[in-house]
Amino acid sequence: MSTVKEKVNATNKEAQLKQSSYLEAISLALWEELERDDRVFLIGEDIGVYGGAFKVTEGFLDHFGEDRIIDAPLEETGFIGAAIGAALTGLRPVVEIQYADFISCGWDQIVNVAAKMHYRSFEPVPIVIRSPSGAGLRAGPFHSQSPEAWFSHVPGLKVVVPGTPYDAKGLLKSAIRDDNPVIFFEHKYLYRRLKEDLPDEDYTIPIGKADVKRFGEDISLITYGAMLQKSLEAADRLISEGISMEIIDLRTIYPLDIETIIDSVKKTSKAMIVHEDIRTLGIGSEVAANIADAAFEYLDGPIKRVTAPDIPVPFSPILEDAFLPQTDDIVHAATELFNY
Amino acid sequence: MSTVKEKVNATNKEAQLKQSSYLEAISLALWEELERDDRVFLIGEDIGVYGGAFKVTEGFLDHFGEDRIIDAPLEETGFIGAAIGAALTGLRPVVEIQYADFISCGWDQIVNVAAKMHYRSFEPVPIVIRSPSGAGLRAGPFHSQSPEAWFSHVPGLKVVVPGTPYDAKGLLKSAIRDDNPVIFFEHKYLYRRLKEDLPDEDYTIPIGKADVKRFGEDISLITYGAMLQKSLEAADRLISEGISMEIIDLRTIYPLDIETIIDSVKKTSKAMIVHEDIRTLGIGSEVAANIADAAFEYLDGPIKRVTAPDIPVPFSPILEDAFLPQTDDIVHAATELFNY
Amino acid sequence: MRVNKKIKIELYYYMRLGRAIEERLESLYRQGRMPSAIYLGRGQEAITVGAAMALEDGDTIATTHRDVIAMLPRGMDPKMIFAQHYGKVTSPTKGRGEATYLGDMSKGIFTTVSMLPDFYPVSAGAALSFKLQKMPNVALAFSGDGATSRGDFHEALNFASVLQLPAVFVVENNHFAYSTPNSKEMKVDQISTRAIAYDMEGSTIDGNDVLTVYENIKKAVDKARGGKGPTLIEAVTMRMKGHSGHDPMNYVPEELLEKWRKKDPIDNYQRRLKKEGTLTKEEIVRVSEEIEKTVEDAVAFAEESPFPREEDLVLDVYR
Amino acid sequence: MRVNKKIKIELYYYMRLGRAIEERLESLYRQGRMPSAIYLGRGQEAITVGAAMALEDGDTIATTHRDVIAMLPRGMDPKMIFAQHYGKVTSPTKGRGEATYLGDMSKGIFTTVSMLPDFYPVSAGAALSFKLQKMPNVALAFSGDGATSRGDFHEALNFASVLQLPAVFVVENNHFAYSTPNSKEMKVDQISTRAIAYDMEGSTIDGNDVLTVYENIKKAVDKARGGKGPTLIEAVTMRMKGHSGHDPMNYVPEELLEKWRKKDPIDNYQRRLKKEGTLTKEEIVRVSEEIEKTVEDAVAFAEESPFPREEDLVLDVYR
Ligand SMILES: Cc1ncc(C[n+]2csc(CCOP(=O)(O)OP(=O)(O)O)c2C)c(N)n1
Ligand SMILES: Cc1ncc(C[n+]2csc(CCOP(=O)(O)OP(=O)(O)O)c2C)c(N)n1
Ligand SMILES: [Mg+2]
Ligand SMILES: [Mg+2]
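Chains as they are written, first to last, in my numbering: chain A, 1 to 340; chain B, 341 to 680; chain C, 681 to 999; chain D, 1000 to 1318.
No lab work stands behind these hints, which were simulated from the structure alone.
From a predicted model like this one, the values you see are computed outputs, not experimental measurements.
Please note that the accuracy of each hint is not assured.
In silico SDA-like cross-links for lysine to any residue, where the CA-CA straight-line distance does not exceed 20 Å [to be verified]:
1) B:K606 x A:D300
2) C:K908 x D:V1187
3) D:K1078 x A:F122
4) C:K814 x B:D377
5) C:K908 x D:K1258
6) D:K1133 x A:R68
7) B:K513 x C:R999
8) B:K549 x A:D310
9) C:K908 x B:K513
10) C:K811 x B:D378
11) C:K814 x B:D407
12) D:K1258 x D:K1280
13) A:K173 x D:Y1317
14) A:K267 x B:G641
15) A:K266 x B:E637
16) D:K1106 x A:K55
17) A:K267 x B:D377
18) C:K811 x B:F636
19) D:K1130 x A:R68
20) B:K606 x A:F122
21) D:K1280 x D:I1265
22) D:K1133 x A:G65
23) B:K395 x D:G1241
24) D:K1133 x A:R39
25) A:K266 x B:G641
26) A:K266 x B:Y680
27) A:K55 x C:S924
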């Protein structure tokens, strides 16, 4: 079984390119961190022999062995709790939750044990919980959720949702090296659809820093995850209408990089937020609240949100497409805001 | 053992008053609904023989018997799940979670089973989960949490946090009569501290309607739960400085009564939100986001939030008092906003 | 227990129908005609059908991802199963739910969720409901072997045992949880052993013999109905297909599958029924034809049904 | 197993010290001197101390709300316990945590949480950590009887058993979970029966005899250390005080308490040690004096310690 690393390297050599998919970027980050630090180990359902439901860890077991790549029994509370215990006693576990929807089954251990440990005991809990989230794959209400906002209401956690392969690799490395519990959602729609050149050398992306993915003058569009691509698409289309969009990719959902957001809004005077998560108490509400406080004087229009509606993620293609914010929706909202 | 109802009635008769505490109001609502509808039953830890950790159900077991007042084993997932099953087969369970902090142990059943049932199956899930939440009693990080915002990010649930005895009774009755899952948080600090006259006759308060607890001209202050009292106190003090506060008590946290909020802000042009929950993705952020969108043109100042900081609830009195928003903080923020 | 002829034939019919439905689901999936994932219970028909047949009207049943054919004896129309996989508005979820997560409370079938085994507690709650309402009904729930590792399994069994509820918990031990074999999921040899932790009756039965399944589960159902409390039944079988449509199941040794192919619950049962004269060659042909037609009709229904309307997207979140 | 004199005396000393600390906590609580709730383990000292004494340096221990005195043999200073209840900055949580939720990882003591029994899985994780790091250590965790109803219990035991981890799970069966008696919590007569569900060794022992506790837990600890896997030990005792300081425990019949008072673990042990000559009257007096001084000093320390500073409120949420 050839490993992701070998495959990517082989592909790269042939093509004289270093293009990696979002999924490969994540695999590479895991692989390299496992090589770098022998305190790192992976645990989760079907990650060993099977290589993971999405094949993120294909070939890992052969290379790293059973002590580093642990196939866990079907018990999210049990193995998340165990990972916390391992983290408190010197190791650096990386937990895979097969689908982000199932993270709810380990909820209590995350929010009550992991998150509140350092504040009370000053002990680090260097654990990463990574999981494929998000919709778009016709997977219905229980394999499509975007649970990131829940965890962004839990002090003590850090929450990361990368939107590009480059960021995914650099942020996952930072997450693994971080001494705090990090919840790391990988948008499963991007896994094999998004490719990018990755540098050869080891690099990290700081947790807590947003990234301006496109500079613009007229509107600050704040987004993250799979909506980054749609936002960029929308920005391309809007150019022809004379609207210059600044696209901020949050990357880290909690703690928020409020400074970058506010600086941008001070420049553009208009703000909109785009996310795939539902509207009420999605990250957009926190972003909007910050802008409405700290950048009020600069605002030249209402703060708009383009989000999914407040419903479970429906399965049927027509419904799912209607559920998800589309490029058209973004273009429409931006045009309206521009003309305000 | 005399029941709450008898006790309250006796007291009332003597004093020719109908004053009930927040806790008694809740007991009465439960009692009356148990009398009214024999599909209603209560289940939870120590609610029968012991009458509940806070004695909300004292005397209930004797009167209603073991089939209506069920002492459950210590397993939140088990008895919340069971309540859902009972609700799907014709009953109307009211679950008590001993402290709101422990609701995390039944999280998955609530957010994945109860909340998403009707959208997919059109079957009602008439279950109420009630629990004492909130800080102020020196009870530390695990007996003081305000988990309401998490549940307000779960379409399919309704989330209620009453701020007065009158509202508590009327809203709990509505919750029990509602065909949807309702999460009902009772602020434990108010249990025995807040008293109010209650009408003799059966009444309900609609879920989803905010209540303007005080009319004013200068600032719309949106709040709920235990912060209502501090906000009213602040408003009293601010009057002498010539600042007229309009106090909106949300009562229902989800779905939000956006209309009442927006109407108020259109009148006052200034908005602030006060809640005991932490800042990031507390209800305040959703309220602010709505105002910053729908009432932007009317706004005459930044939207301010007075909340707890993003930390676990600390135990030590000095810390807990510093954690909780105080009347002074509200007065200070309102004055600043007024002078903006 | 003597199983009468009518029931014997029904067991046969529903197993055949169930398999035909799943075979069709698989081919439609491979052709890319349905947006849904598929979870096939091939090889496990004796358990799903045997258990479902042991119930009466008014009882409830809670399935998992792999047990959709258990709905057939409870009255679920095959049309609904295809409409669901197609995401059509004519399905019980009106296209909101995927795959096997459909149900119909009027037939006592819960619309379950993916989280395993979340409907063990819910099913215990239905049993509580029957007890409190003094209704003579029973709540039956399925779980896989892997899902017995989860806390919900423990809490449900404990709850049902403490309150002595009319519940039957069936575990389909098909030896794998996705790619994870029993040995990595638990240390006990028999899952029924776990009943001891709840002072509950537990037994392990041959899950590939539909009469054994029917009789044993019927006994447990009758016991529950008689107020004698819950039972845990482990039915041993083998998952003959990948976890879901895209899983080539490379982790399962071919010999193991070969061994279990010989134990095919339908082939063996058909042979037996023929041998004992309950079923003739002609009847088999007739059943085959009927089933083919039923499946054809169901697929046609699903194909021809409309998709849900975008405008209805946000309806029904609340009652 | 022969328990040597030094250990015998230490067991005695720590039980006495533990009880003295709890008695003092109770009186301070009744006087309203401390902001914290109290959870007293009176009557259960043989278990907490016996178990803690069975561990070695480098092992970990995870307590519950009722087990704070188990920290004493692991090196926790009594000053810390009082400072914690007072909410002082000198406590291990710097006043952020309440009651018995303190710890010290340098001594292998987890800072646990209220949710029961959340540290069963965490403790299994420490055991996994020892195994992966090839460290010769053992992770021991306490649970109450009631908490065995929760899924975390099940998942932890299953996890530890599948992975054959060096873990010891101790259940203190004190017959009540708050007001809920065993009979409403479980149907098994012995909680150790639950070990069967994990093919784990399980035993039920007299929780009021400290030598029995020490010896049995030591055996399980040694077994774990030797790579022979986890054990579940149920130690039977009685909760002699209310669940917490404000619980008058009206639901417990006086006769039951009377019966258990006669089995007091300290009185009986002291009598035995005196009888066998391990302990003289003078030594008892000396121990009493030492303990009184220790407790006095600890209370004084707590009283005199400063509260945390408001300015530090938001520090340390992150590393
Ligand atoms: C709580 C939870 N975690 C993970 C999953 C993902 N998942 C779906 S099926 C499956 C394996 C289930 O195995 P088993 O219980 O043996 O049932 P089987 O599929 O063999 O019928 C897993 C891990 C899930 N559905 N629920
Ligand atoms: C998950 C959870 N639910 C509820 C509680 C509230 N609570 C605290 S102690 C207790 C009883 C615990 O009983 P048991 O496990 O027997 O321990 P004991 O107090 O008898 O030592 C309860 C219900 C809790 N701490 N955790
Ligand atoms: Mg299986
Ligand atoms: Mg107990």
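Here is how each hint holds up against the structure:
no.	hint	in the structure
1	B:K606 x A:D300	holds, 18 Å
2	C:K908 x D:V1187	holds, 16 Å
3	D:K1078 x A:F122	holds, 19 Å
4	C:K814 x B:D377	holds, 16 Å
5	C:K908 x D:K1258	violated, 34 Å
6	D:K1133 x A:R68	holds, 13 Å
7	B:K513 x C:R999	holds, 17 Å
8	B:K549 x A:D310	holds, 18 Å
9	C:K908 x B:K513	violated, 36 Å
10	C:K811 x B:D378	holds, 14 Å
11	C:K814 x B:D407	holds, 11 Å
12	D:K1258 x D:K1280	violated, 27 Å
13	A:K173 x D:Y1317	holds, 18 Å
14	A:K267 x B:G641	holds, 19 Å
15	A:K266 x B:E637	holds, 18 Å
16	D:K1106 x A:K55	violated, 41 Å
17	A:K267 x B:D377	violated, 60 Å
18	C:K811 x B:F636	violated, 56 Å
19	D:K1130 x A:R68	holds, 12 Å
20	B:K606 x A:F122	violated, 47 Å
21	D:K1280 x D:I1265	holds, 15 Å
22	D:K1133 x A:G65	holds, 15 Å
23	B:K395 x D:G1241	holds, 15 Å
24	D:K1133 x A:R39	holds, 12 Å
25	A:K266 x B:G641	holds, 16 Å
26	A:K266 x B:Y680	holds, 19 Å
27	A:K55 x C:S924	holds, 14 Å
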